[in-house]
Every structure is written in structure tokens, then in C-alpha cells.
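Trainee: Please put together the full structure from these sequences, using the hints given.
There are 2 protein chains.
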Amino acid sequence: MAADPIQRVIHALSRLPSVGEKSAARMAFFLLNQDPAVTRELADALGALHAAVRLCGECANLSAQDPCPLCAQPRRDPRLICVVEDISSLMAIERTGVFEGRYHVLHGLLSPLDGVGPEQLRVSELLARLSRLLSAEGDWGDHGAARAGARVEVIVALPSSVNGNATSLYLQQLLRPLGVALSRIASGVPVGATLQYADQVSLAEALSARRPL
Amino acid sequence: MAADPIQRVIHALSRLPSVGEKSAARMAFFLLNQDPAVTRELADALGALHAAVRLCGECANLSAQDPCPLCAQPRRDPRLICVVEDISSLMAIERTGVFEGRYHVLHGLLSPLDGVGPEQLRVSELLARLSRLLSAEGDWGDHGAARAGARVEVIVALPSSVNGNATSLYLQQLLRPLGVALSRIASGVPVGATLQYADQVSLAEALSARRPL
Chain C
1 MAADPIQRVI
11 HALSRLPSVG
21 EKSAARMAFF
31 LLNQDPAVTR
41 ELADALGALH
51 AAVRLCGECA
61 NLSAQDPCPL
71 CAQPRRDPRL
81 ICVVEDISSL
91 MAIERTGVFE
101 GRYHVLHGLL
111 SPLDGVGPEQ
121 LRVSELLARL
131 SRLLSAEGDW
141 GDHGAARAGA
151 RVEVIVALPS
161 SVNGNATSLY
171 LQQLLRPLGV
181 ALSRIASGVP
191 VGATLQYADQ
201 VSLAEALSAR
211 RPL
Chain B
1001 MAADPIQRVI
1011 HALSRLPSVG
1021 EKSAARMAFF
1031 LLNQDPAVTR
1041 ELADALGALH
1051 AAVRLCGECA
1061 NLSAQDPCPL
1071 CAQPRRDPRL
1081 ICVVEDISSL
1091 MAIERTGVFE
1101 GRYHVLHGLL
1111 SPLDGVGPEQ
1121 LRVSELLARL
1131 SRLLSAEGDW
1141 GDHGAARAGA
1151 RVEVIVALPS
1161 SVNGNATSLY
1171 LQQLLRPLGV
1181 ALSRIASGVP
1191 VGATLQYADQ
1201 VSLAEALSAR
1211 RPL
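Respectively, the protein sequence lines represent chains C and B. So for the first sequence, this note's numbering puts the first residue at 1; every next one is plus one. So for the second sequence, this note's numbering puts the first residue at 1001; every next one is plus one.
Don't read these hints as lab results, they were simulated from the structure.
No more than 20 Å apart at the CA atoms, straight line, and that leaves these computed lysine to aspartate or glutamate pairs for EDC-like:
1) K1022/B / D86/C
2) K1022/B / D1004/B
3) K22/C / E1085/B
4) K1022/B / E85/C
5) K22/C / D1086/B
6) K1022/B / E94/C
7) K22/C / D4/C
8) K22/C / E1094/B
Mentor: Have a look at this one:
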């Protein structure tokens, strides 16, 4: 902890992602030039962050409530579960405004090289949640067509990266025996992008995942 | 103030310079994934910032002390004063390690369009400081060669921009009658840069400010 109050703030800010020593200095001098209330609000908000935030027992989302505001919305389909890497992904999907199911936040991706295995992710919570859903389904006595209509579906919305693909494959092998419907979000050329500027991998993916018209 | 603690932190962080809504969200989730001590240190450092920081009565630098650590160094020449726009500039010059004088921080540049006149800058403090220095010089009874050797020099280290040039010209007219030596830092092609990629204005400046070899 630096003795100088400005250096201390610069050092603490420079631990934030994509904030270097120079950006941190700019932020500190910006705050010194503003009304002290701006700095106080930031300090208070940060001070309350960990104390006020709870992990949702249902979907592992972080918010001030448990269950989280998303799990507390009754109009969201509890049988449609979108598995995401982190809360940023959840927020990105929420911004599209088209998803009417619920989420399950893994809080990471499998990464054997970094020592991240299934036990570091919220995988057992996902399994427990699906078991509860499936046994409730049994209790309701759904059969045949009715049961197929109300089938539990898991959408794997993980990035198309090495770790994202590994995690997706792992979930596929883990969840397949449960009899839930499994899908993964499509990857390909971004909407509105010209093919000329699309990266080769996305373009190849878009070709192999082509859909009949 | 948002009710949700995460949204509150995101909102407070997004007021920092060059931090948008998405970067602020990334920072907030980064902090949530770290040890709470990281967030607490940042909150505490910010909380102490305004309370602990003083304006140096000599040079208008900001630090925990008055006079600031730079003005408190006796080996720094008190008769060599480098006038800078802000503390970031001061830190940039300090990093070069070649300047052995003192600073004077204006805390801005003249900008008539934004309503920034000399009274918004630390100009009167500079004048008072120079008057003290010059009268002390008189008291010491320096004359002739001895006096010329110990002459007060003001280096204007302001950016080569419209407002920087205007402020430099203003200081020049204001300080010239005091009989202090006045200079301005050189602008030109950055050291190590190829001429091919230098911007036209810097190149033109480098040509007109050419020095005999």
C-alpha cells in the first residue's frame, strides 16, 4: 500500500482489467478534478459490492437477491435453460430481448491447462437443477405428446473457442443421458458483415453450418 | 443511484474517462471474481483520495503534503521552474529523469471558448512565486556575472496545440517584463520515428526549428 494517496488510488485502479498505469493516473486526476461526491459514490458502491451481492441458488447469477430477478420472473419458461460462461454473456443475451427462458451461469469454461475442471464450474448445480425439473415433470404425470411439448431444453451458449468447445462437448456427454433436448447457439458470419472482411474461421463455420432455404 | 449493487458499481465506474458501460461491467465482474480485499482496497483508496490530497502552496502539485515532495527536495534548483498543464505532464517529465528544477502546475490551459481565462488557472500563484524569487535574489545582492549565472528561468512545457500556444503566448507577454529567462520545450519529429510516418505538422515544425550541426 503506497503512502501517497494518489499513488495508492493509481495502484488500486491499475489492477482493473485493461487499465494500465497511465490510464489509472488519468482516472485518478479526473476524479481529483471532479466534485468529491463522484469519488465518494464510486467508493461507496465498491464498498457495498461484495457485501450486497448474492449468488442465485437457482441459476448462479449474481444480484442483490436470491433467487435473482431473472429467476423470480414467473413468465420466463423454467424448462428452457441457457448455459452461459459468465454474467457478461448473460447480459449480452438479455440485451437481444428475444430469450424467454432462464439462465445457468457456469462462471468459467473448462481449461485443463489452467487447472479449471468441472468442479470449479457450476456444473453440479446444473445437474441438480435439471434433476429437480425432470422429477417434477414425472410428478405432474406428463406423457406422450404433452410431455414432448413441455420437454426440458438446454441451450449451450458458450463461445466458439477451444475452451468453449471443450466445455460444450463435456456438457453434451454429461447431459445426453438425462434425455433433455440439447442445442448450441450457431456461429458464423456476423449479421450485416460483408464476407470480404469476415475472418476465415467464422466463414468456414458459416459454410459448414449452412441451412437449407 | 441504482438499487442493484452491481449496476450501481457499473454506473459509478462508467463515469471514469474512457470507461464505457461494457468496460465498467467487465471491471465489476472482475472484482466480483477476485478476493473481496481487492475491491476493499480500491474503495478505501478512493475514499481517502480527496480528504488526504493537498494542493502544494508553492507549485500547485497535488500530494499528501504541502509543500509537495518535489518542492521539499533541497537539491532541486528553485530558480528553474517548469510550467506544466497538469500533473500528468509533470509525471511524464519526471519519468525522463533529466529535469532538476521545480514545477508549476497551471491545472489547465487558456480556452476562451470554454470560458477558461487566466483566473481559472494557477497564473497569479506563478506571478507571486516569481516575485518572491526575484526579490530574494535582490536581497542576496547578486550582481553582474554572479547574478546572470543564478538567473530565474521559466520553461514553458505546454502542448503544441491551439490552447497550448495561446497559453504560452499569454505567459510570454506576462512574464517578459519580469526579466526572467523564458523558453519553451521543442516540438518536432518524435525521436526514433521515421519521417515517412511523422505527421505533417510535426515535420513542418521540425524543419522550421532546425538547429545548426
